[in-house]
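There are 2 protein chains.
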Amino acid sequence: MNPGDQKILGSLDEAFDRLGISDGMTISFHHHLRNGDYVLNMVVEALAKRGIKDLIIAASSIFPVHTPLVKHMQSGVVTGIVANYISGPVAEAISRGELKKPAIMQTHGGRARAIESGDLHIDVAFIAAPTADTYGNINGVYGKSACGTLGYAVADAEYADKTVAITDNLVSFPACPIEISQVFVDYVVQVDSVGDPKGIVSGTTKITKDPVALIIAKRAGEVIKASGLVKNGMSFQTGAGGTSLAVAAELKEIMKRDGVVGSFASGGITGYLVEMLEEGLFRTLLDVQCFDLVAIESYRNNARHQFMSASMYGNPHTKGAVVNNLDIMILGATEIDTEYNVNVTTGSDGVIMGGSGGHSDTAAGSKLAIVVTQLLKARLPIIKDKVMTITTPGESVDVLVTERGIAVNPRRVDLIEILSKTKLKLMTIEELKTLAENISGLPKAIKTSEHIVAVVEYRDGSVIDVVRQCL
Amino acid sequence: MNPGDQKILGSLDEAFDRLGISDGMTISFHHHLRNGDYVLNMVVEALAKRGIKDLIIAASSIFPVHTPLVKHMQSGVVTGIVANYISGPVAEAISRGELKKPAIMQTHGGRARAIESGDLHIDVAFIAAPTADTYGNINGVYGKSACGTLGYAVADAEYADKTVAITDNLVSFPACPIEISQVFVDYVVQVDSVGDPKGIVSGTTKITKDPVALIIAKRAGEVIKASGLVKNGMSFQTGAGGTSLAVAAELKEIMKRDGVVGSFASGGITGYLVEMLEEGLFRTLLDVQCFDLVAIESYRNNARHQFMSASMYGNPHTKGAVVNNLDIMILGATEIDTEYNVNVTTGSDGVIMGGSGGHSDTAAGSKLAIVVTQLLKARLPIIKDKVMTITTPGESVDVLVTERGIAVNPRRVDLIEILSKTKLKLMTIEELKTLAENISGLPKAIKTSEHIVAVVEYRDGSVIDVVRQCL
Chain W
10 MNPGDQKILG SLDEAFDRLG ISDGMTISFH HHLRNGDYVL NMVVEALAKR GIKDLIIAAS
70 SIFPVHTPLV KHMQSGVVTG IVANYISGPV AEAISRGELK KPAIMQTHGG RARAIESGDL
130 HIDVAFIAAP TADTYGNING VYGKSACGTL GYAVADAEYA DKTVAITDNL VSFPACPIEI
190 SQVFVDYVVQ VDSVGDPKGI VSGTTKITKD PVALIIAKRA GEVIKASGLV KNGMSFQTGA
250 GGTSLAVAAE LKEIMKRDGV VGSFASGGIT GYLVEMLEEG LFRTLLDVQC FDLVAIESYR
310 NNARHQFMSA SMYGNPHTKG AVVNNLDIMI LGATEIDTEY NVNVTTGSDG VIMGGSGGHS
370 DTAAGSKLAI VVTQLLKARL PIIKDKVMTI TTPGESVDVL VTERGIAVNP RRVDLIEILS
430 KTKLKLMTIE ELKTLAENIS GLPKAIKTSE HIVAVVEYRD GSVIDVVRQC L
Chain V
10 MNPGDQKILG SLDEAFDRLG ISDGMTISFH HHLRNGDYVL NMVVEALAKR GIKDLIIAAS
70 SIFPVHTPLV KHMQSGVVTG IVANYISGPV AEAISRGELK KPAIMQTHGG RARAIESGDL
130 HIDVAFIAAP TADTYGNING VYGKSACGTL GYAVADAEYA DKTVAITDNL VSFPACPIEI
190 SQVFVDYVVQ VDSVGDPKGI VSGTTKITKD PVALIIAKRA GEVIKASGLV KNGMSFQTGA
250 GGTSLAVAAE LKEIMKRDGV VGSFASGGIT GYLVEMLEEG LFRTLLDVQC FDLVAIESYR
310 NNARHQFMSA SMYGNPHTKG AVVNNLDIMI LGATEIDTEY NVNVTTGSDG VIMGGSGGHS
370 DTAAGSKLAI VVTQLLKARL PIIKDKVMTI TTPGESVDVL VTERGIAVNP RRVDLIEILS
430 KTKLKLMTIE ELKTLAENIS GLPKAIKTSE HIVAVVEYRD GSVIDVVRQC L
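Protein chains in written order, with this note's numbering: chain W, 10 to 480; chain V, 10 to 480.
Errors might be hidden in some of the hints.
Each pair may be met inside one copy or between any two copies, as identical chains are not told apart.
For lysine to any residue, the following SDA-like pairs were computed, each having C-alpha atoms within a straight-line distance of at most 25 Å [what the hints assert, rightly or not]:
| no. | residue 1 | residue 2 |
| --- | --- | --- |
| 1 | 171 | 182 |
| 2 | 265 | 457 |
| 3 | 110 | 27 |
| 4 | 430 | 262 |
| 5 | 240 | 178 |
| 6 | 62 | 472 |
| 7 | 328 | 128 |
| 8 | 109 | 306 |
| 9 | 434 | 446 |
| 10 | 265 | 182 |
| 11 | 432 | 303 |
| 12 | 328 | 168 |
| 13 | 171 | 326 |
| 14 | 328 | 130 |
| 15 | 80 | 57 |
| 16 | 376 | 237 |
| 17 | 328 | 167 |
| 18 | 62 | 132 |
| 19 | 218 | 326 |
| 20 | 171 | 127 |
| 21 | 328 | 125 |
| 22 | 227 | 326 |
Calculated directly from the structure, the hints in this document are not laboratory data.
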């Protein structure tokens, strides 16, 4: 870009002309606007109108809002999808075999690795930008579509052949703050709206009130306490689900009681973790994605609420990801098997309903990876002989906490020794499995065809499992 | 780096063992600690003790404090130097032919380009870190050796095969703020001191009191005003010298009088520009290097005082450097010739005494590049038929302002037309040259041998000139 060159283009179509988008290209999107995102649909729709075919959509995550992708899959506009998490109609359509090529399901850290290494080559990255200036500097903290950090968009911006910022809040140069720099952005296109604020932030990041889930959280807190990891400098991550947040609440009480100051909490950040930061329970937050308005505001105003890219968060091939420094990680599970392999990719019906996200990254990095789950969900046992789909390998999962008992991975002889000195009810995972099956009976096996609809990549790019079409 | 791996090493020697430093390697340093830097000498001395030979030192700048390099050049420990600015005994020794290979002199933006493109391959980057945490996150704003932004160290950290942080302020993980991320840092070594605070910040970034220089500044202010560039959204950069700051003071008065709010001031930042930011004359500062304590404090505390890397500052091969958005740039000159080529590399004696730094980057990018200088220095005319060394090509220099008259580059027909309607005293550069020579007489030509002691690279990597050994 030479002095005098302009980056502002009048429309998406003008951008497509300049970019020379053609059949078979890989175009990428970030998911910080989550189920409120307008940009993916807007771009794919406009490309479909131009008659483009065979696109590969590399989106960090796909949500129900992206349902229009289904028709584009059916018409051949989109023939490949690469994502870390897919839920809703697109996931169901993939499971029905409606995507021509198998979907590739990565992890948050694995996606950054794939992009940076060239495994996942992006022709054009379209960055939904809550704020962008006329020369392509971007932030997510201001504007009507503010979503906070843009951690998942960094590798796309840096490594795509071409990068386009799509914004509904165009500001004068230079934007402040600058989260993604002008040096990575080719063009800026202004649109009416990049997303629906109602879908961007979820209002449901609240602690569960379900009594069973609260018991599980209490037990998880006791495991954490017993592990000896609750001490000054400790670090912690949890998801935004109700049970996970209840574990955070348990931990908070323990930390307060013991006068412990942790080094950091990380990951997707909720208001609950902001509260812990502000109460001095953690020195900083490392934030790849803001989950709610409180987190966005905190990230905007508090220097100790820090940005991290997906690569810094979990890419195993950097000189050290943040997950490597995690002490305690709270994980969910759709299924877990007696080898402690966890499935968060497919549901009990064998249909895709999620994906790793940061699940396997944090499990691999953390000292203590705890899966919290009820023993049965919708009357189906969670523990299986073999999970339908391996998302996270059992070797990186340490403890399973359920309302009926706690199982520790036999690899963690040290933990078993420590926990068996407590009053916590330890069982083998096989015992827990039998307990559940005695209640519900043996679930029917799901039958699949040989047709592979998705390939599950571990964070290092190796194939850890495949998803087959259900019969 | 896997979970559990440690980055802290006990000593520089332990780092050298791990790094496998061997003869002929290229090691790099940044110059944010300027004439107070201890790290370059510390590392080279320790490598000399290990018997290493033929090192290439890629330092963003070299100052008098680095005099020990001279003995290492003489003994063959150091046989190559790549830098953007070299002053003091090392420059003199290079000019005497004491460095085995010709020194390579780059620009600030050109160095980032060279590193990122692979033209300048760095085996090991040693990053002097005023603050570093145990996992290699670095900032320059805290610690006894605080120097502010670390803009010149970014490309080194990102692209070197190995990167070592050397710190005298080791903090718990994670550092806050994080300027250079852990993902780029292999090892962290703690030392007693990385620099002498007295040399890190210069106390001399004050407006000149010299009446001739003040006249020049006044004229430069009038040229800026007449150019029509003083309007809302304008941008400005100047150096830290007394005359340059006097131009800033002139501009400040004009902006206040006209009620103009600029978009940004950039470059190395002084307290004077901080004052303009705080008075609302600029919306933000884009800072590659803090020149004084006021700038460091402002950068630490004011979100509108923003970081930029050397690449974002001036690399011509990015998707747009900050210099491309510069309206007004105030430049110095040791010599300027009738083609408007400027020399800031060699002195009137033909000996190396500086280098481009950001000179040619900003001249190329800005809409109005003004050279301010007295017509004579030490009784020698500044204007030559041909400069001894071309640092910045005349095609990117617009105006020369001296105390005796103003010359506009004939390429800038538009500017000549505008300025000739004012009361400003326009002359041709040849007329100014004659005027000076009538006062001082014709200076003696400097005689050089054919021996090339330094190669001057333009920002795009092309060779713009060479420096020959003086006779």
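Consistency of the hints with the structure:
Taking CA atoms no more than 25 Å apart as the test, residue 171 paired with residue 182 passes inside one copy only; the shortest distance there is 21 Å, against 35 Å between copies. Taking the shortest alpha-carbon separations for residue 265 and residue 457, neither the intra-copy value of 50 Å nor the inter-copy value of 74 Å comes in at or below 25 Å. Taking the shortest alpha-carbon separations for residue 110 and residue 27, neither the intra-copy value of 28 Å nor the inter-copy value of 45 Å comes in at or below 25 Å. In this homomeric assembly, residue 430 and residue 262 come within 25 Å of each other (Cα to Cα) only inside a single copy, at 22 Å, whereas the closest approach across copies is 75 Å.
For the homomeric pair residue 240 and residue 178, the shortest alpha-carbon distance between copies (23 Å) is at most 25 Å, but the shortest distance inside one copy (44 Å) is not. When the C-alpha separation of residue 62 and residue 472 is checked against a cutoff of 25 Å, the pair qualifies neither within a copy, at 27 Å, nor between copies, at 46 Å. Proximity of residue 328 and residue 128 under a CA criterion of 25 Å is satisfied in both settings, with 19 Å inside one chain copy and 23 Å between copies. In the homo-oligomer, the alpha carbons of residue 109 and residue 306 never lie at most 25 Å apart, since the shortest distance is 42 Å inside one protomer and 57 Å across protomers.
With identical chains, the CA atoms of residue 434 and residue 446 are at most 25 Å apart within one copy only, with a shortest distance of 19 Å there and 96 Å across copies. When the C-alpha separation of residue 265 and residue 182 is checked against a cutoff of 25 Å, the pair qualifies only between copies, where the shortest distance is 21 Å, while the shortest distance within a copy is 45 Å. Neither within a single protomer nor between protomers do residue 432 and residue 303 lie at most 25 Å apart by alpha-carbon distance, with minima of 38 Å and 58 Å respectively. In this assembly of identical chains, the alpha carbons of residue 328 and residue 168 lie at most 25 Å apart whether taken from the same copy (18 Å) or from different copies (12 Å).
Within a single copy, residue 171 and residue 326 get their C-alpha atoms as close as 24 Å, and across copies as close as 14 Å, so both meet the 25 Å cut-off. In this assembly of identical chains, the alpha carbons of residue 328 and residue 130 lie at most 25 Å apart whether taken from the same copy (22 Å) or from different copies (19 Å). In this homomeric assembly, residue 80 and residue 57 come within 25 Å of each other (Cα to Cα) only inside a single copy, at 10 Å, whereas the closest approach across copies is 67 Å. Taking the closest pair of Cα atoms, residue 376 and residue 237 come within 25 Å of each other only inside a single copy of the chain (11 Å); across copies the shortest separation is 62 Å, beyond that limit.
In this assembly of identical chains, residue 328 and residue 167 lie within 25 Å of each other by CA distance both inside one copy and across copies; the values are 18 Å within and 11 Å between. Proximity of residue 62 to residue 132 under the C-alpha cut-off of 25 Å is restricted to the intra-copy arrangement: shortest distance 15 Å within a copy versus 44 Å between copies. In this assembly of identical chains, residue 218 and residue 326 lie within 25 Å of each other by CA distance neither inside one copy nor across copies; the values are 40 Å within and 56 Å between. In the homo-oligomer, the alpha carbons of residue 171 and residue 127 lie at most 25 Å apart both inside one protomer (14 Å) and across protomers (21 Å), since each shortest distance falls under that limit.
In this homomeric assembly, residue 328 and residue 125 come within 25 Å of each other (Cα to Cα) both inside a single copy, at 13 Å, and across copies, at 18 Å. Proximity of residue 227 and residue 326 under a CA criterion of 25 Å is satisfied in neither setting, with 36 Å inside one chain copy and 56 Å between copies.
Of the hints listed earlier, those the structure fails to meet are numbers 2, 3, 6, 8, 11, 19, 22, in rising order.
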